[in-house]
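Q: Residues per chain, in single letters:
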Amino acid sequence: MAVIAFSTPKEPIHTGLPIKGFLPLTAPSIVLMLFFAIPMGMMIGISFQSQTAGGPTFASYSRFFSNDLVLAGLTRTVVMSGLVAISVTVLAYPLAYYLARSTSRWRTIIFALAIAPELAGVVLRTYGWLIILEDRGFINSALMWTGMISEPLPLSKNLFGVVVGLTHVILPFGVLSLLTSLQGINPNLEKSAQILGASRLDVIRHIILPLSVPGIVSSLLIGFTMAASAYATPALLGGAGFKVMATMVYEQVLFYLDWPFAAVMANVLLILMLTAGFVGSRLESRLHQKLHL
Amino acid sequence: MNRLLTYLFRMVLAAILAFITLPLVVVVAASFSPTSAVTFRPSEWTLQWYAALWDSRWLDPFLLSVELALIVSLASGLLGVLGAYSVAYAKCRGHTAIMAFLLSPMSVPQIVKGVAIVLFLSSVGLYHLLGTPGLIMAHIILTLPYVVRMAATAMFGFDKRLESAARILGASATQRIRYVLLPLIRSGLFSGMTFAFIISFNNIPLSVFLVRPGQTTLPITVINHLEYSLDPVLAAVNVASLLFILGAIILFEKIGGFSAQFHGGSK
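Taken in sequence, the protein lines are chains A and Z. 1 is the number of the first residue of the first sequence in this note's numbering; add one for each residue after it. 1001 is the number of the first residue of the second sequence in this note's numbering; add one for each residue after it.
In case anyone wonders, no lab produced these hints; they're calculated from the structure. Just so you know, even glycine gets a beta-carbon here, dropped at the ideal spot from N, CA and C. You may find that some hints are simply not true.
Listed next, the stretches of chain Z that the computed footprint assigns to chain A, with coverage defined by at least 3 CB atoms under 8 Å from CB atoms of chain A [unchecked claim]: (1) 1130-1141; (2) 1218-1232.
No farther apart than 20 Å at their CA atoms in a straight line, the calculated lysine to aspartate or glutamate pairs in the EDC-like style are these [unchecked claim]: (3) A:K191 x A:D202; (4) A:K290 x A:D202; (5) A:K243 x Z:E1253; (6) A:K157 x A:E190; (7) Z:K1091 x Z:D1159; (8) A:K157 x A:D258; (9) A:K157 x Z:D1159; (10) A:K243 x A:E118; (11) A:K157 x Z:D1231.
A partial selection of chain A residues facing chain Z, derived with a Cβ cut-off under 10 Å [to be verified]: (12) L25; (13) P94; (14) L95; (15) G121; (16) V123; (17) L124; (18) F138; (19) L189; (20) E190; (21) K191; (22) A193; (23) I195; (24) G197; (25) Y231.
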């Protein structure tokens, strides 16, 4: 026993690791290279090819930007994603504020209610909205039964339906990003403002809103990027007439098999996301300066 | 004034919570509704749609989704631990750059990743990998960053003196991994794997590019039917797969402590 207790380790203790650093990295790196990095590189490469010409060309890009139907789809995507970003943030803010400040026993239940729908998946939630918004659906049949309307309101197969459905799908992510930001605001700031005579509205306008700008920006960004790349909800709630980038990309790959054009569309979508991220971070620093933070 | 604001705030909260729960409640109600036209006041209740689920039309896609989710969560768990080990624990050279590489698939939209993978498989002549092998690989790319991040978070908080102590007491390398490292990162790893399971099981945007006709996952089968009709059997499928996911989470929770992650990690 004494021999073991007094034996010194063969290597220095502080550098002793069971396996050296780079070796375990091999497996995940190979998988990521083969099925992510190389495909992404190839996709960007293919976007500079054309089905007719040989060498690298911008033909597919100029086709993209001269096609009115495709450009309408791009505009539709931006408008839809912007509306979803705003409605997610507006709905998530009160919820996140309550979750950040409440100490009541309702807090856990409300947190679960806000996050749990994420487990249900997109199809179930979109199906729910289809049942609610359809011409013969929940809302329309209720309104017609009470005699308030005689014709069903056009609630689905259009922009309105898609924005409602996507807002529901993305809301939990908005709540989480606002919650992190609101929890970082010291509650004593609010208390001292109230002691000094500020009303609730003053506290919200002059303390909570300015200090939660980073959370608001990240919620807007998450809302925008998730909406712009969403596939199932626009496809189902938008119907055949409401084409967005994601549904158009899908058509190009699976029906038209026009790979250069599909790659161009995917690249434009990627650039749209990166631009949104850039604009978001610029906006945040501008607002910070304006609010003297 | 302040009291009025409080009441107003509570009403707004209640409205938002109603918005969140309404679609789920409606689907559950529809799954017990006897007519194929989903009304807002079903006159009687039935279980016929749940009985109709025992059919290869629904069972085959369900089994494919379960198979995928299991393989994907196990594989990304294994790969994620290896990656997180090098980055967070061994801190090998350039570990921040390696971490950025391991997390990079997260910043690319799923639909773009889907296009890239399909183009890659077809242009290198691996078109026959569409279907299950392609789906597994694509889902791993999707879920690996989550597992790496959660396992790395658990390893960053790891007390290196425990490792030294085990070493001084004569534990071999494999013993140290088995009895010191793995138990300490267990809850982080299981949370990541649970996420991987849910993400893979519910996935549409990536899978939609890679499924083969006649051999699709459950969400894709449902979405294909939904484009043509609002059959109540679809409500039953949705509710059943939600129950399956809840069951899987409870099981993962029993093995690995999924919720421990939300109460201060592995400590």
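Q: Work down the list of hints and note, for each, if the structure agrees.
A: Each hint tested on the structure:
1. 1130-1141: holds (count 4)
2. 1218-1232: holds (count 6)
3. A:K191 x A:D202: 12 Å, holds
4. A:K290 x A:D202: Judged against 20 Å, a Cα distance of about 18 Å means the pair holds.
5. A:K243 x Z:E1253: 41 Å, violated
6. A:K157 x A:E190: Outside the cut-off at roughly 45 Å; violated.
7. Z:K1091 x Z:D1159: Status holds; Cα separation ~14 Å.
8. A:K157 x A:D258: 27 Å, violated
9. A:K157 x Z:D1159: 55 Å, violated
10. A:K243 x A:E118: Given pair K243 (chain A), E118 (chain A) is violated - Cα atoms ~25 Å apart, limit 20 Å.
11. A:K157 x Z:D1231: 18 Å, holds
12. L25: 4 Å, holds
13. P94: Holds. Min distance 5 Å.
14. L95: 6 Å, holds
15. G121: Check passed: Cβ of G121 (chain A) comes within 4 Å of chain Z, closer than 10 Å.
16. V123: 5 Å, holds
17. L124: It holds, given that the least Cβ distance between L124 (chain A) and chain Z is near 4 Å, below 10 Å.
18. F138: 4 Å, holds
19. L189: 18 Å, violated
20. E190: Check failed: Cβ of E190 (chain A) comes no nearer than 13 Å to chain Z, outside 10 Å.
21. K191: 14 Å, violated
22. A193: Check failed: Cβ of A193 (chain A) comes no nearer than 13 Å to chain Z, outside 10 Å.
23. I195: Violated, because the Cβ-Cβ distance from I195 (chain A) to chain Z comes to roughly 14 Å (cut-off 10 Å).
24. G197: Interface hint status for G197 (chain A): violated (12 Å vs cutoff 10 Å).
25. Y231: At about 4 Å, which falls below the 10 Å cut-off, the nearest Cβ of chain Z leaves the hint on Y231 (chain A) intact, so it holds.
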